[in-house]
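Protein chains in written order, with full-length UniProt numbering: chain A, 1 to 491; chain B, 1 to 491; chain C, 1 to 491.
The set of hints was computed from the structure by calculation and includes no laboratory data. Wrong hints could be hidden among the right ones.
[Stated by the list, open to error] Result set (EDC-like, lysine to aspartate or glutamate): computed pairs, CA atoms no more than 16 Å apart in a straight line:
| no. | chain 1 | residue 1 | chain 2 | residue 2 |
| --- | --- | --- | --- | --- |
| 1 | B | LYS292 | A | ASP396 |
| 2 | A | LYS135 | A | ASP65 |
| 3 | C | LYS346 | C | ASP221 |
| 4 | B | LYS289 | A | GLU453 |
| 5 | C | LYS289 | B | GLU453 |
| 6 | B | LYS292 | A | ASP456 |
| 7 | A | LYS292 | C | GLU397 |
| 8 | C | LYS19 | C | GLU449 |
| 9 | A | LYS289 | C | GLU397 |
| 10 | A | LYS292 | C | ASP456 |
| 11 | B | LYS292 | A | GLU449 |
| 12 | A | LYS289 | C | GLU449 |
| 13 | B | LYS289 | A | GLU449 |
| 14 | A | LYS187 | A | ASP396 |
| 15 | B | LYS399 | B | GLU386 |
| 16 | C | LYS292 | B | GLU453 |
| 17 | A | LYS399 | A | GLU386 |
| 18 | C | LYS60 | A | GLU386 |
| 19 | C | LYS292 | B | GLU449 |
| 20 | B | LYS19 | B | ASP442 |
| 21 | B | LYS399 | B | ASP380 |
| 22 | C | LYS187 | C | GLU397 |
| 23 | C | LYS349 | C | ASP221 |
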Amino acid sequence: TIFTFQRPLNSFGMCDRTKNTNIRLSLPAVCVVWEIAMIILFGVFIRYNWESDAHWAESKHNLSDIENDFYYRYPSFQDVHVMIFVGFGFLMTFLKRYSFGGVGFNFLIAAFGIQWALLMQGWFGSLDYSDGKIKVGVENFINADFCVAGCLIAYGALLGKVSPVQLLVLTLFGVTLYAVEEHIIIKIIHARDAGGSMVIHTFGGYYGLAISWMLYRPNLDQSSRLQGSKYHSDVFAMIGTLFLWMFWPSFNSAIAGHGDGQHRAFINTYLSLAATVLTTFALSSLFQKHGKLDMVHIQNSTLAGGVAVGTAAEFMLTPYGSLIVGFCCGVLSTLGYVFITPFLEKHMKIQDTCGIHNLHAMPGFLGGVVGAITAAAASDTVYSHEGLVNTFDFKDEFKDMVPTVQGGHQAGALCVALIFGIGGGILVGAVLRLPIWGDPADDNCFDDEAYWEVPDDEENIIPNIQYNNHMQNKDVETIKPHRRKRCSRCF
Amino acid sequence: TIFTFQRPLNSFGMCDRTKNTNIRLSLPAVCVVWEIAMIILFGVFIRYNWESDAHWAESKHNLSDIENDFYYRYPSFQDVHVMIFVGFGFLMTFLKRYSFGGVGFNFLIAAFGIQWALLMQGWFGSLDYSDGKIKVGVENFINADFCVAGCLIAYGALLGKVSPVQLLVLTLFGVTLYAVEEHIIIKIIHARDAGGSMVIHTFGGYYGLAISWMLYRPNLDQSSRLQGSKYHSDVFAMIGTLFLWMFWPSFNSAIAGHGDGQHRAFINTYLSLAATVLTTFALSSLFQKHGKLDMVHIQNSTLAGGVAVGTAAEFMLTPYGSLIVGFCCGVLSTLGYVFITPFLEKHMKIQDTCGIHNLHAMPGFLGGVVGAITAAAASDTVYSHEGLVNTFDFKDEFKDMVPTVQGGHQAGALCVALIFGIGGGILVGAVLRLPIWGDPADDNCFDDEAYWEVPDDEENIIPNIQYNNHMQNKDVETIKPHRRKRCSRCF
Amino acid sequence: TIFTFQRPLNSFGMCDRTKNTNIRLSLPAVCVVWEIAMIILFGVFIRYNWESDAHWAESKHNLSDIENDFYYRYPSFQDVHVMIFVGFGFLMTFLKRYSFGGVGFNFLIAAFGIQWALLMQGWFGSLDYSDGKIKVGVENFINADFCVAGCLIAYGALLGKVSPVQLLVLTLFGVTLYAVEEHIIIKIIHARDAGGSMVIHTFGGYYGLAISWMLYRPNLDQSSRLQGSKYHSDVFAMIGTLFLWMFWPSFNSAIAGHGDGQHRAFINTYLSLAATVLTTFALSSLFQKHGKLDMVHIQNSTLAGGVAVGTAAEFMLTPYGSLIVGFCCGVLSTLGYVFITPFLEKHMKIQDTCGIHNLHAMPGFLGGVVGAITAAAASDTVYSHEGLVNTFDFKDEFKDMVPTVQGGHQAGALCVALIFGIGGGILVGAVLRLPIWGDPADDNCFDDEAYWEVPDDEENIIPNIQYNNHMQNKDVETIKPHRRKRCSRCF
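Model the full assembly from the supplied sequences, consistent with the hints where possible.
What follows is the structure in structure tokens.
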């Protein structure tokens, strides 16, 4: 007979027997142990702050309930929350057979990271020295989401090449590094960074790239047929793109000052993002044969304007200033996808699945520079005296600060973010190279089969038809099986 | 010739001629009659309340416009609204050929239910005795969404096995039962249940399970090949999961007290959900061969923490208390999917398509227990006196209530929810067994073809190829046609 | 051998060599030039308004930060933003091979349009005559989103048949026309239109239909096999439908008056939409063979109630009045899909891909009529005196206006919207007929291949199998290739 279905494909010899992706012991153990640790530490340290404690009824005095910080920040918090879980999660579903891993592991590490971030950031920033407790309210939860964003950015570089246990380790260290870095930048250096161009994006971007460099896989291109998208996986990724794009104004304004600060941060971000879309479409078309648009650019580079305007979002950047930043970012980020990502992979041994260098690292760095310049150029005329003090927090020990010096501090902060990102990434990358974390062999990269029960789509039948047909034609080279079957001996 | 396409598959004999799914008369009739009834009843009863009436301009006196309840609750309302329509809707798209029915019928019954709920809940709770009118504002609309959630939970157990007309009947009775149950629990028993662990989830869960028990289909496994997911239908379901997960803090805080109440309810829910994710991933991996994760668990059990913290969300549960609740729920719910759901189907004749027993019924019950304990343990020290009065509404006729007694009332309320769920479900199930509702035959279950014009995907060609090939090989047993063709005589 | 794969299909002769869809020069040029123009114009004209300027700290006097307009409107703005980018974007993904174009070009023209709208609307409405600057705050950004909505509606009629460059031209003119029309309707005629039934939907709908009439393609049905949906593209479109449906209450209340105005606009819209869902399901089932539901109706007609209640949303329409409007709209819109759209295509030469006539044009017109009647019937008794003045803005030069006259003004405004839509559409349609815009040949319509790098799904192999099989059977008529291959000479 011509056709024999359900024929095992193990004759393809795709198994790498040196790697074992069975995480049946390690993943449950890590999750349960860490969650128990969280419960104990929360029990010892975390309490409601005065705005979320029932004592508010007595302690609020003449304040109206509507002046509880909850009403200033909760709508923005929810937008940020959507960015973290749906935005980042769905942006990473673009691979044809790694959508479960993209959205699922994003979910896992974000849910873990926010708990650890509440503790780490709390020890540095919200500790009540009178009773040794961390007092949390809505702003802490926004900051926890921000902190996790740094780790999710790093995940973008590693997408499809690491195990969930590695991701949990990456997140544990990443959150720790972030909290220290943030404390140095915001409290010690006294830099301003409402949208986290430096603290989140520069740090997270270089953290991920450094880890990717440490985990370089020289033979990865062998499985590159899975490293692309499908028609519908690209549409799924657009869900991520759009929720990130739409809610980025909330991201950059979420912890900005009450009143004009949040208002202005939203405006600057909105405008920068709008400009980025136009230059991204322009460059994407310009650098493709026949002028066709590339979904990779549309999904990613359109967001770069939000990153680059992060630090300066609450400053008087002016509306046209925001447009200029967005304009440049769309160009820079798309060029990055066209030229820099291939260069990094070929010559620098940095494999960057999602192109975080173009979406976060470079635009984040640019954002730090824009922030430093804008801060240095601030003046009483533009801000009003009280506005200047409010915006740059020139109070208490920093009450004698002047804008030009502030600009210098901003530049210093950018260096700190870079150092923490690269240095931390190299250290954590070394840890992740230990052969105990259940990472996939090159052949299993970008394949949900490694860590997920994947439903048997009827589509699976196709490659077999093709296979058999091709066999007949002795044309083995062109076989593109839809999904590899895994050798049963490997488990 | 070897291949003959478009060959009718009616030789498969899949038609059950005793069932007629043609709803061309019944569905339009029910929809139009009920909508006209709604218009008349709204005309007689429903009016704007003082905060949404144009008289507000004169009647608000010294209040600022920002103190209109709209600004306290509208952002939360919108999040709840997203949960009802996108959250529940997309969570039910996971079946490979029932995505239209999942998201579409969810849309239909929610849109109908909210209207009926405004009336039913209004008669019990918002009736202005001076003029006999129900006065509605934003809080009524949140409560209507809540009420519908109970029916949508019940739909989860029946997904793929009932007709839209049955669902409308289920919703009509479900909303009615809910309104009575809610009135008894909240007003008469004076229990607190901001997030609806008892009122919504325990009631809705057992209501659906009891109906499913009444509608048991002993031969259903014959069409079980449609009772699974596809790769992309699982990704669609993750949209539902994530929007439910992200906005659950808004669900539990939407009708909590202004100020600290909403603030605290959000914090408790956020933390409980975060902990649930970790234990769900842990247990999912632990109970699968090779430690692979199961999308069913990730899509559903990760949400159980939000259910279980519902009643206690606005109490001083403490952050670590929330983590403990979430921890237990992730374990309990995942174990439910692994052990209890198969047991219920085999031994209790309860077929639970979405596993609502694990996601709503059990966690809801647990939430009621947690609420009772937390209420009984409340004290002036922890809440402040005014905080205690505010949180538990110890006012007017209940001004002499003490926390321990309140705990007892909470436990009593839980029993009421259980009784209404199980009892109501049996009654409504009996009604739904009447042979007039156009429900599908066993063979048409989980198949959108029964009630929807389904586009002709080119994929449909595949099974035919397979079919013909197999015919040649005399290997009929392994045929898995992608979609059954329906016998034309049945219509 | 029986099968020969990768066989080029150019023997199908599907190439129209008179059209060139290469936009490698035109798209980048237009995007970059216009973005630079935006930067210059923003530099000259656009500044922060007093609520987003750092001077707020000094100029707010006794206001609390929470009374900054940002907190009144930002949550609604974000919902509107989601409607524009995800709602409209995903609603247009329903075509089987035009999902990239649907969501992608929607993204491009919305991002461009909002910038131009800020300028155009600013010159008419927010110009500070003391310094010649446009002062922008959150309300301007909501209005910019509204303005773009008009153009996106027009895109719906043209979906799949125009190039991105044409869409940018359509948007440039559309925004300009909208700004003039809005100024005449709101400022000169002094009509009220909070939800934009007239200004947005009537204008946008007829603008798109008139352009479609000008760009009539008599031979389009040749490629009609691509003008349908797939199973999963229909599910994607439901994302758009639901986000539009859920957030429409925010759309209609976003720029309504503070306090009761926003509160009431939300209630009216919510109720109207709920009623529409029921009659849409009823009519969809009634007009299909076997009573099956049609996804086209569920995706679109369920939204018509939100359109029709737009103008009257902030009036005292009463809850049952809203239900009646929604009831009628569901009927009208579904009938439109069943009878009017085919009629328009056959006899009026108007090809309306998304059916905007049924979703926007007709319901928008109806909304204008409802608004005129409701305004004419307003009275001091129903609104209170101050409420009437607030709702209809009977102040300054219009302080002697009475409701009946206002009703006449509303009717006049509706005519203005119609004239601008039809007239503007004809003019812009004439411009778009120039052969310089890179629009696709009939055979390339509804096909992403024309403007996008489309990933090579394995599914593509199917038609070839089919093709070869059929060739053998000499049964050429039934061939439905999944995706056309494009003739390489055409590029």
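Is the Cα-Cα distance between LYS292/C and GLU449/B 16 Å or less?
-> 8 Å, holds
Straight-line Cα separation of LYS292/B and ASP396/A no greater than 16 Å?
-> 55 Å, violated
Pair hint LYS292/B and ASP456/A, alpha-carbon separation not exceeding 16 Å = The hint holds at about 15 Å.
Holds or violated: LYS292/C with GLU453/B, Cα cutoff 16 Å?
-> 6 Å, holds
Given the proposed pairing of LYS399/A with GLU386/A, does the C-alpha separation stay at or below 16 Å?
-> Holds: LYS399/A and GLU386/A sit about 12 Å apart, inside 16 Å.
Below or equal to 16 Å on CA atoms is what counts here, so check LYS289/C against GLU453/B.
-> Between LYS289/C and GLU453/B the Cα gap is close to 9 Å, so the pair holds against 16 Å.
Given the proposed pairing of LYS135/A with ASP65/A, does the C-alpha separation stay at or below 16 Å?
-> 19 Å, violated
CA of LYS289/A to CA of GLU397/C, is that 16 Å or under?
-> 60 Å, violated
16 Å Cα cutoff - pair LYS19/C, GLU449/C = Satisfied, since the Cα-Cα distance of roughly 14 Å is no more than 16 Å.
Between LYS292/A and ASP456/C, is the straight-line Cα distance small enough, at 16 Å or below?
-> With a Cα-Cα distance of about 15 Å, the restraint between LYS292/A and ASP456/C holds, given a limit of 16 Å.
Given the proposed pairing of LYS399/B with GLU386/B, does the C-alpha separation stay at or below 16 Å?
-> Status holds; Cα separation ~12 Å.
Keeping to a limit of 16 Å between CA atoms, is the pair of LYS289/A and GLU449/C held or broken?
-> 13 Å, holds
Violated hints, listed in ascending order, are 1, 2, 7 and 9; each of the other numbered hints is respected by the structure.
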